[in-house]
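Top line first, the protein sequences correspond to chains H and B. Using the numbering used here, count along the first sequence one by one with no gaps and you end on 420. Using the numbering used here, count along the second sequence one by one with no gaps and you end on 387.
Think of the hints as simulated: they come from the structure by calculation, not from any bench. Don't take every hint at face value.
[To be verified] Computed footprint of chain H on chain B; a stretch qualifies when at least three of its residues, placed anywhere within it, have a C-beta under 8 Å from a C-beta of chain H:
hint : segment
1    : 186-195
2    : 236-248
3    : 272-284
4    : 301-309
5    : 316-330
6    : 361-371
[As the list claims (entries may be wrong)] Simulated pairs of lysine-lysine, DSSO-like, Cα-Cα distance not exceeding 30 Å:
hint : chain 1 : residue 1 : chain 2 : residue 2
7    : B       : K202      : H       : K27
8    : B       : K382      : H       : K302
9    : H       : K279      : H       : K239
Backbone N, C-alpha and C fix where the C-beta goes; we use that ideal spot for every residue, glycine too.
So the chains spell out like this:
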Amino acid sequence: MKLHEYQAKEVLARFGVPVPRGRVARTPDEAEAIAKELGGRVVVKAQAHTGARGKAGGVKLAADPAEAKAHAANIIGMTLVTHQTGPQGLPVSSVLVEEAIDIEREIYLSVAIDNSPGMPVIIASAQGGMDIEEVAANTPDAIHKTWIDPACGFQPFQGRQLAFAVGLDGEHLNPASTLIGNLAKSFLDSDGSIVEINPLVVTKDGRLLAADAKFSIDESAEFRQQALAEQRDRSQEAEKELEAHDAGIQNYIKLDGNIGCLVNGAGLAMATLDAIKFAGGDAANFLDIGTANNPEAVVSALKIIGSDPDVKAVLINIFGGLARTDIIAEGAVQAINQGLVKQPVVVRLAGTNVEIGKQVLDDAGLDLGRADGFAEAARMAVEAAQNAKNAQNTQ
Amino acid sequence: MGVLMDSNSRVVVQGFGGAGQREAKTSLAYGTQVVCGVTPGRGGQVIEGVPVLNTVREAVEQHGANVSLIFVPAPFAADAILEAADAEIPTAICITEGIPVLDMMRVKRALSTKVTRLIGPNCPGVINPAEQARAGIMPVDVYLPGNVGVISRSGTLVYEAVDQLTRLGIGQSGSVGVGGDPIIGTSQREALELFEADPDTAAVVLIGEIGGTAEQEAAEYVKQMSKPVVAFIGGATAPPGRRMGHAGAIIAGPAGTAAAKQQALREAGAEVVENPGEIGTTMQRVLKERGLA
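Only chain H is shown next, with the shape it has when bound in the complex:
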């Protein structure tokens, strides 16, 4: 779960990571008032879950409160389109109004989980303010890392090591190593999956400030991070994905193709996208129904898929383990009988209770495409989608 920049900075400030003075505003008047408080010259920043906001017109410098108000009026209500959002963009309903800072240097700093050693890694680079993946690819020596041992935690020497590595020595050494330690603590105590400060700025008057920040929380830990979970901004998430989330389906992602997919297991769901591609088609979504052993969850899932105007055919691909194929079959029959899926449906069932599952489908007397194999099912679904599209074109 992603936080907005202003929320991320609130978390960082709470852990003692210095951030620029500023506050979030939801109206132009609020923006003006905050700018007055801050003494005039401010930056007005669109709050949306994407990077590259500046290029898209979402970040503006204002010389005085009146200008801050004018910028806020333009930015609040805009749809921000960047290379990360896709063409539909993200709505902006608030701006962060912050003191304008005079930048001497920009540093990159982040904490993430390194899967292989199973430890958080702190990453720092003197080349802040840039696309860090590009820096890593072009100049790997400019990336410095240190791992936090879960047994003894972050140690001050690690902060000093990184501070020296990115040239924060002299008067900056102690504040920098303290800042790095506080950043690590914010990550660990908040169940972060990533926290990134890019850039960490050295100001002309010698301060260190987190000028921009991203914070993502591990969704599996939301049960113990309720204060952060409540900050979720639903307007930043795709409508269909929210609908799925509300129906208890955690793993739904809208895609560009025309074959709706209902699959159990993330791996099989990904491989189903691959199989559809191999059969010459494209999936309209990724959906992992998981082990939801009740027909209602299947009905909800098929309702989401069936109501997607892009979907021309539906592929149900289930290999039951903990999930029972008979329950999935029951849900599918209910959804079709309720008219929630009008598109042609191809079903492939295998695994737990498959004989009962197939019987449920037989007894329903519906016109379904049936397949035993995985590749065969994908082929049939692609064909059905193609036929539906052709029929539509000739109309």
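For this one, chain H is given, so just place chain B on it according to the hints.
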């Protein structure tokens, strides 16, 4: 032989609720020794003919349990794994999905000082069809005893690969689901080492996914293996930057892409399958070519 599970395996089910009981029943019917369940506070009950105990230590002392199968809910699963490790259970298999990553980080660090090997979490478990030993949630009907080992991050893709093999008459020496989470107890590489050392295994199917670098680490070991490996990487056609359910499956940088993993495995000498429908037929051809069929 086989890996991790055999006819001497004595399974304790930690978290003996609905799913745990159902899977215990399936394993018992399959022929596995499921010796007891553990649910703290429920000790003394007998459910489905299986005695329930309060602690894993009792399971080891009273029933000689040597494999723990964990269904404990995510918020408490890390504690359950550490309890199994404290009781010095040699193999702990955690099915639970959705354990906080930082919990697993602490568990992994703690296990580095223990004898317990962890499989998973967020995995389908381990099975050895020849010895009817099952600790997991996989459907048993699709398995056929034989000489191919199957390793996968994803549960359902294990079943899929096994099903394709069985339909072609190719049996399995076992399957190990290593789990779909970012931090797991046993890596794909370590699972390959187990099958390489197993005299009953002639070849291995390795099913990876986009995201992370675990497949590249596995590929390093494939170079040293005497047994052929057929590999598939799921998510080749997934759009970049989107998380596909498995937390591990997010493309982070060029190493995380299917293309990079396929290339590393190919260079290491593995046979890489691009169409997931062709895992079985590719293994059939490889076995024939190597005179192992």
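| query | If you check each hint against the structure, which ones fail? | reply | none
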